[in-house]
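Chain by chain, the residues:
Protein chains: 2
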Amino acid sequence: MTGDLATFESALRQKLPAKSFGAHDPKYFEEPRGLFHGTPTLVLKPENTAEVAVILSLANQEGIGVVPYGGGTGLVGGQVADRKHAYVVVSLERMNRILDVDPTGNVIFAEAGVLLQDIQHRAANADRLFPLSLASEGSCRIGGNLATNAGGINVLRYGNARDLCLGLEVVLADGQIWNGLSRLLKDNTGFDLRNLMIGSEGTLGVITAASLRLFPLPKNRSAAFVALDDPKAALDLLALAQDSLGENLSAFELMNETGAAFLMEKMPQVRQILDPTPSWSVLLEISGGESFLANNALERLLEKAFESGIIIDGLLSQSESQRQSFWAFRESIPAANRLVGAIYSHDISVPLKSIPEFVTRANAALAAFGPLRINCFGHLGDGNLHYNVFPPSGRSKDDFAEQRERIRETVYGMVHELGGSISAEHGIGRLKKDDLARYGDPVKLAMMRHVKTALDPKGIMNPGVLF
Amino acid sequence: MTGDLATFESALRQKLPAKSFGAHDPKYFEEPRGLFHGTPTLVLKPENTAEVAVILSLANQEGIGVVPYGGGTGLVGGQVADRKHAYVVVSLERMNRILDVDPTGNVIFAEAGVLLQDIQHRAANADRLFPLSLASEGSCRIGGNLATNAGGINVLRYGNARDLCLGLEVVLADGQIWNGLSRLLKDNTGFDLRNLMIGSEGTLGVITAASLRLFPLPKNRSAAFVALDDPKAALDLLALAQDSLGENLSAFELMNETGAAFLMEKMPQVRQILDPTPSWSVLLEISGGESFLANNALERLLEKAFESGIIIDGLLSQSESQRQSFWAFRESIPAANRLVGAIYSHDISVPLKSIPEFVTRANAALAAFGPLRINCFGHLGDGNLHYNVFPPSGRSKDDFAEQRERIRETVYGMVHELGGSISAEHGIGRLKKDDLARYGDPVKLAMMRHVKTALDPKGIMNPGVLF
Chain A
2 MTGDLATFES ALRQKLPAKS FGAHDPKYFE EPRGLFHGTP TLVLKPENTA
52 EVAVILSLAN QEGIGVVPYG GGTGLVGGQV ADRKHAYVVV SLERMNRILD
102 VDPTGNVIFA EAGVLLQDIQ HRAANADRLF PLSLASEGSC RIGGNLATNA
152 GGINVLRYGN ARDLCLGLEV VLADGQIWNG LSRLLKDNTG FDLRNLMIGS
202 EGTLGVITAA SLRLFPLPKN RSAAFVALDD PKAALDLLAL AQDSLGENLS
252 AFELMNETGA AFLMEKMPQV RQILDPTPSW SVLLEISGGE SFLANNALER
302 LLEKAFESGI IIDGLLSQSE SQRQSFWAFR ESIPAANRLV GAIYSHDISV
352 PLKSIPEFVT RANAALAAFG PLRINCFGHL GDGNLHYNVF PPSGRSKDDF
402 AEQRERIRET VYGMVHELGG SISAEHGIGR LKKDDLARYG DPVKLAMMRH
452 VKTALDPKGI MNPGVLF
Chain B
2 MTGDLATFES ALRQKLPAKS FGAHDPKYFE EPRGLFHGTP TLVLKPENTA
52 EVAVILSLAN QEGIGVVPYG GGTGLVGGQV ADRKHAYVVV SLERMNRILD
102 VDPTGNVIFA EAGVLLQDIQ HRAANADRLF PLSLASEGSC RIGGNLATNA
152 GGINVLRYGN ARDLCLGLEV VLADGQIWNG LSRLLKDNTG FDLRNLMIGS
202 EGTLGVITAA SLRLFPLPKN RSAAFVALDD PKAALDLLAL AQDSLGENLS
252 AFELMNETGA AFLMEKMPQV RQILDPTPSW SVLLEISGGE SFLANNALER
302 LLEKAFESGI IIDGLLSQSE SQRQSFWAFR ESIPAANRLV GAIYSHDISV
352 PLKSIPEFVT RANAALAAFG PLRINCFGHL GDGNLHYNVF PPSGRSKDDF
402 AEQRERIRET VYGMVHELGG SISAEHGIGR LKKDDLARYG DPVKLAMMRH
452 VKTALDPKGI MNPGVLF
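So the sequence lines, in the order shown, correspond to chains A and B.
So for the first sequence, the numbering used here puts the first residue at 2; every next one is plus one.
So for the second sequence, the numbering used here puts the first residue at 2; every next one is plus one.
Pulled out of the complex, with its shape left as it was, chain A reads as follows:
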């Protein structure tokens, strides 16, 4: 790419209305962890798919990089451009219309710029569930959720963003529009390009709209917050819960005591759940239709788990507000982490049976770096842990700047050795592309490059991401 931005901009101004050009708001050049900073450049805010097509067609012609921008909440720098390239930001925020809700077909159609929360609400108004749920749901946009194949708290039961998408509309690198907005649950007609686009982090095209799966709104649900000795006990509880509850188990979140301590320290307004704070705790939720007696089922499960010594303390939610307080605790942990300031945050997954071994070995290995604090929490049911490393109380992450790389290598090396993933749900972006090159299968990486070249021969789409 050797494009000239000024030429591109003047050509574009002939074709797009003035309101599709945005201001240099700093938000387009920052990301939540402060690790990447973009160089201010043209910010485009297309109103519709045809405008996106005009932008990409011209960018491809002129060799200008295109950075698609959703809600800006991504944690791997995918939304902040590499400074080396002439590029533009294409924000989907004006394309925020819900196009159709079809409760019979269990599908909702939304433009890429719709906030995740708005989709959840529109689904609920139609007596349906859109299960994708994550901490940033009030500000992330569905196009970004799909481009990064977002995960969250309901993956155990409903899958990640990929599993919730029936179809896409995508503008390809050369400006062509692929209309794949299907309502169909089953359609076996050729290569699965939908899933190729989902999780490609804006490197193959711009997702402009999606058709998404809806589910029956759970009519009965119940949650429990329980104390355990260690991750092994959490795995035993998971097995017992799956045996007893099948797919009515919808969430299974593990937390260690550091999460509670950080909340006490930085966000005392968040109510603690168990006293004393247990070494490890699990928030589990079960749900089902009208016929499912959630409270009874969860009560029986907890009784069994107490009897067999798997859990040592626990609360069963007695009201909707108590259930919400369990979730408020869990969902506030990332915010508390940001206030404390992590040396490094690892979004990893390992095979379920290796989780106890991973936690024991990683904690031991990191002890060599000093009395670090480890906040280990996440979606245990999916094998996905956020293994986040913090300085000792009274010290700052900057004190550990020199050890940062070695800490990261220690953790990732162990994850890799156990057959795990260095990015379970956040993606690769710009942050982890060297890690991908290091730990990824070389044959897979070569295939990825072939596919990238086939679909974006000039390499204009999100340059610097993945590759």
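Honestly, the hints are just simulated from the structure, not real lab data.
Treat the hints with caution; some may be incorrect.
One copy or any two copies: either way a pair holds, since identical chains are not told apart in the list.
Distance condition first, Cα-Cα at most 20 Å in a straight line; then the derived EDC-like pairs of lysine to aspartate or glutamate [claimed, not checked]:
# : residue 1 : residue 2
1 : K459      : E10
2 : K354      : D128
3 : K453      : D175
4 : K445      : D193
5 : K305      : E291
6 : K220      : E300
Mind docking chain B on chain A? Use the hints.
Just chain B now, kept in the frame of chain A:
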């Protein structure tokens, strides 16, 4: 491709043991519907992945076509080669080892040649469910199920083959081996090449092994067989069932009276379920863990459905053998169809809300061709119908040979107009590639060609399929 088979074979004999060369068994050159016939050629039966890699590497070098062969049960001719090309058959039947079963991680590892039924049994022995289930499960092989993204009766709850696969090992067109046999439920590291391979019908490489998801074995289940007036009532019952049962609803199969009539005529040993035979019937099944009271829940649902006039007759299974007799009836319909002999079998899906309209309009349009018999049955919960067209009693499908194309165009045209798919679960193969070119999105087709060229530049993989 302009390869010389004799040169290829002599090079191959240097590198592979004699037992990896098979006999010209006719089964490799036929397919169940008798529409395609291959020309006898070299049949290779590699024992392991390394041998597959040797075959593909040499084939790629010499420009020889490769037709991967699983159980031979596919219904669109994907397993029977195009006569125009020099080609070999690569049967995975000797690669039939189950490599690992991990009940903690809910994953099973199998080579591509393992029979689907063997995977189901091994999962059940570990107190787990592998939910993929279809009529040919005793003879189809998992590699073929994945290559064609097979569907079946449990898609409503568990998804199709794609949704049940965690990872693949694939030999690419040039003989390189991609080792993607992951145990991980979440792994967001780069393009989704697993799903690109799944459903690519052998046109991008040979799947040699897979890691597959297991689920809790349902501890309680119950089935009902009910009579309804029309497909609209079936949709109403589906909505009621989802409301009341959520994801505990695991199967929802629609049948019309023709299925029952064909069974009476051709397979009288199969027990009829309802007397008199209803115009339409639904077999629904619900299941869950120990805590789920399946019989009570289904009984309440049926009461509600009777009260609101949705169903007019029905049986709730009172025993496991009765539940099995319901399924034996449903699962015998395809065999009866084969004995009657269809003029054309359409494996289609349409948006759920359009199903009543489709059935009414298609029946009316086909009436113009004479007193045809329509056997319409399938996975209503997925919007997937098998809309199969038969001659009147006493006449043969050959009497309608001339009308065949027009019948097919009438049905597919209507499906396309309603936003449906001309192949819901059987794939494209050789049978429907013209239909794909006609009804598929041209931008998608162009992307598919780019991807095919990127990953199989010499076009050796399953030539004549899809493109």
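How the hints compare with the structure:
1. Taking identical chains as interchangeable, the C-alpha atoms of K459 and E10 lie at most 20 Å apart only when both belong to the same chain, with a minimum of 19 Å there against 41 Å between chains.
2. Taking the shortest Cα distances, K354 and D128 sit within 20 Å of each other only across copies (17 Å), while inside one copy they are farther apart (38 Å).
3. For the identical chains of this complex, K453 and D175 are neighbours both inside a copy (13 Å) and across copies (18 Å), given an alpha-carbon limit of 20 Å.
4. For the homomeric pair K445 and D193, the shortest alpha-carbon distances inside one copy (17 Å) and between copies (10 Å) are both at most 20 Å.
5. For the identical chains of this complex, K305 and E291 are inter-copy neighbours only, at 12 Å across copies versus 24 Å inside a copy, given an alpha-carbon limit of 20 Å.
6. Both within a single protomer and between protomers do K220 and E300 lie at most 20 Å apart by alpha-carbon distance, with minima of 18 Å and 18 Å respectively.
Checked against the numbered hints given earlier, this structure breaks none of them.
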